[in-house]
Amino acid sequence: MLDTIGVETIDDLFVEIPDSLKFKGELNLPSALNEYQLYLKMALLARQNLDATKADWYLGAGLYDRYIPASVAAVISRGEFLTSYTPYQPELSQGYLQTIYEFQSMIAELYGMDVANASMYDGSTSMAEAAIMASGVTGRHKIVISEAVHPHYRQVLDTYCWANGLHVEVIRHNNGATTDFSTVDDQAACVIVGYPNFFGVIEDLDAARTAARKAGALFIVAADPTAMALLKPPGEFDADIVVGEGQPLGVAMGYGGPLVGLFACKQEYVRRIPGRIVGRTHDAQGRSGFVMTLRTREQDIRREKATSNICTNEALMALATTVYMIALGKNGLQSVATSTVRNTQYAREKLSSAGGKIKFPGNVFGEFVLELPKPADEVQRRLIDQNIMAGLPLGPYYKGLDHCLLVAVTEVRTKDQIDRYAAALAEVLK
Amino acid sequence: MPHKLVPQPKLIFEKSSPGRVGCNLPVADTPEVDLKKALGPTRQSLHLPEVSELELIRHFTNLSHINYGIETGFYPLGSCTMKYNPKINERTAMIPGFTHIHPMQPADTVPGALEVLAQVQEFLCEICGFDSICLQPLAGAHGELTCLMLIRAYHESRGEGATRRVVLAPDSAHGTNPASAAMVGYTVKTIPTDASGGCDMAALTTALDETVAAFMVTNPSTLGLFETQIEEICRLVHEAGGQVFCDGANMNAMVGTTRPGDHGFDCMHLNLHKTFSTPHGGGGPGCGAIGLKAHLEPFQPVPVVIRNKEGKVELDDRRPHSIGRVSAYFGQFLMEVRALTYLSAYGKERMADISRHAVLNANYVKARLKDVLPAAHDRPCMHECVLTAQEYKKGGVRALDISKRLIDYGFHPPTNYFPLIVPEAIMIEPTETECKETLDAFCDALIAICEEARTNPDLLHDAPTTQIVGRLDEASAVKNLDVRWRAPQKVGV
Ligand SMILES: Cc1ncc(COP(=O)(O)O)c(C=O)c1O
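Read top to bottom, the protein sequences are chains A and B.
Quick note on our numbering: the first sequence kicks off at 1057 and runs consecutively.
Quick note on our numbering: the second sequence kicks off at 174 and runs consecutively.
Simulated from the structure, these hints should not be mistaken for lab results.
Because the structure is a prediction, the values reported are computed rather than measured.
Each hint should be verified, as a subset may be incorrect.
What the hints assert, rightly or not - Not close to chain A: a few residues of chain B, all C-beta gaps over 12 Å, as computed:
1. Leu250
2. Ser305
3. Asp367
Said to hold, decoys possible - Quick list of in silico lysine-lysine cross-link-like pairs, BS3-like style, CA-CA up to 25 Å:
4. A:Lys1415 to B:Lys260
5. B:Lys260 to A:Lys1097
6. B:Lys466 to B:Lys521
From the three backbone atoms N, C-alpha and C, an ideal C-beta is built for every residue, glycine too.
Chain A on its own, in the form it takes in the complex (with noise of 0.2 Å):
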């Protein structure tokens, strides 16, 4: 190889990196390992967290034990898939963009809304580039949202507004749902609600949207996926856009990522949506296929005045959610997420017979606030020395909320389980 260049050492070939730049030395770094070593390893840091395989999972705020099935990483470790690029070659690239289609119909439907985009990075930059839409679109710079959406969603968009010039206004929450919408007025882009929010609890979308209309702002939903199985879907609520966390979907907790960011709208803006879109065309011969399409909405193309700055998007969590979608279908989609309520609504009477009072009144999906007579933090503790992941203590997030534990059950916990954190707990606050 080194003949046909013209070169005698591979050293040559970087004449061109000044020789007092170049690294000399031995790098500080651990030494190389085989792949028996590499597996033990990873293992063994591994075996030092306790995750949900050993533990009772009470533990929500946004990402959900739920059960994966196991065509999901059948599916997604296909190296024709995992291995592949961004779909740029489409005659190469049928299979996948045909699963980004089928993404993007099965997310607009879920969310009752006419289109839907390939996917974001995850729950909180879509919903941070959805209210830079929403500003782009009315041409105004304040950002209105419920305090109950996820704490770190808002910081997220906190900081991409400083970015933007842009200014966040919080609506308190009213015991638990937003109810004042005051702020909402002709300078506002748009109103922001969770559906349901960080809380669990179902918030009035018909009031917010009301708001929006009136002031002439977006409304835009960040929805839990699983919960759109039986809510109304904010479509049906007239919503401008509505962005999500997908991984209840079928992606695995992870410690957080990948996720995978969900991003539906109106057609009529779907010229202004972020990152990418595939579409159904065809060839010379009539034959159908895909393509990703509106490419000039895209940074590759427009650059500075792209409607985004995202490239590479979260597209193996859209595929592990569209096999999640396919495998569950809509009766099991349903079953899930009524399974949910069954044992959400079951915790909730145990637990506040152990000692716990139902802090919100509103109705809830899949998680509800449990307020303590004891600091929630101590509570927690003590449970996880019993393999109880009891749920988020909520006193770092809000204000007054010390004593406050957010309590995710999903369809995989039994009554067994409940049974046994009810009577944990009533022991812990004895």
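Once you have looked at the hints, place chain B with the ligand on chain A.
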């Protein structure tokens, strides 16, 4: 060479039959509830496909057969570093102690996870020559965005936030560079490339003034060339009060050989999904990381993962100057698991092999093709070579035609028309994981295609003919926008 043509696949919706479920799911054993009472307004209809597990698996297996990955064949897509993704990385990323943990559980219940993050940071600090690494960005463009936010916070902290409103980027820059700058409210000014393929220093000097916040430099450049004037560039930008960002998408050329931190850069982004072998997954997940010099550290996203004096890894969110979060949790954790497995396999002994063999392979391809597809710049290339197909244009053959014809020869095409400044660009990045036989087969194919371009150009215009579809009508896709399936409306029921 011709593939067996498979029938046009149906959409999964067209295979649906009411009542089928593709998984034996867990069902609650708690008491039943009245859903309307528990939830309020519920939905009327839900159109999701209903198929058995076998139908599902066949659907995706057949779709995978009409999709090309690195495991299918050679994938020399320039700027994308399509190297092999070792299977051991997939295995370690599937251990339940990694997959079944939650980012909001108490930090002291996940010491192993924090250790993974800290070790990836430590590897990358050493390899790139930075003071700290932050893993929160979720892809390359997200890392660019984060770096520019840090630069803006830095200027603001010095009272220059309002005056430094311009970001410079070369005309060869990837589209995400100007797009990221725009998302931080910056105006973008373009710096031309000189005849040798380097930064036009005269233009840079003219552009540098007190309005410049940063210069975004890709090194090696998107022309596959090392920016030989990089020290001088950094000196000039710093003298003018600006910061220098390194687009690190091309880090594969430098691993173990040279460190961007030593070039004078203030910050950089890395694409772990390129250089450190986390799989691209058909367009994501990416896995960004950013490297920072000490003066930018106070502004980095929270929480910061640090190793304390006793060697224990901790989360630090007491950072008053932080820009805040750029994503919900700790970055692409399971991708970091893969990256750590990869980095640990190379260690100090083998790390430099990555760049050395990547550069060797690229120069070999460039040398073998020089008579049919000359390099845009006659200089030693780094990990990729940018060639031009300009001489075929007069005969009516474009770079894209050559690429499409490669498909018929069984190869994935290189990148076309990028960087924008090279006419009829063909950007080839073979990566270090390919053997000589594969490179030779690929070069032989390209040489044969260039001959066809002269003698029988229609072979190229009509290509590809071996796939399930030929070239697709993209204009029609936009005009007759069809981006989702809809359930047929029931009539007369
Ligand atoms: C030179 C360069 N910079 C930046 C990016 C953006 O990276 P990502 O797609 O991960 O956002 C890419 C790849 O797409 C690239 O090739």
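To see whether the hints hold, each was checked on the structure:
A beta-carbon of chain A is positioned within 12 Å of the beta-carbon of B:Leu250; the least distance is around 6 Å. Listed as outside the interface, B:Ser305 is consistent with that label: its C-beta sits roughly 15 Å from the nearest C-beta of chain A, beyond the 12 Å cut-off. Interface exclusion of B:Asp367 from chain A stands, the closest Cβ pair being 15 Å apart, more than 12 Å. Pair hint A:Lys1415 plus B:Lys260 does not hold up; C-alpha atoms about 48 Å apart against a cutoff of 25 Å.
Under the criterion of a C-alpha separation no larger than 25 Å, the hint pairing B:Lys260 with A:Lys1097 is consistent with the structure, at around 16 Å. Restraint check for B:Lys466 and B:Lys521: the C-alpha separation of about 23 Å stays at or below 25 Å, so the hint holds.
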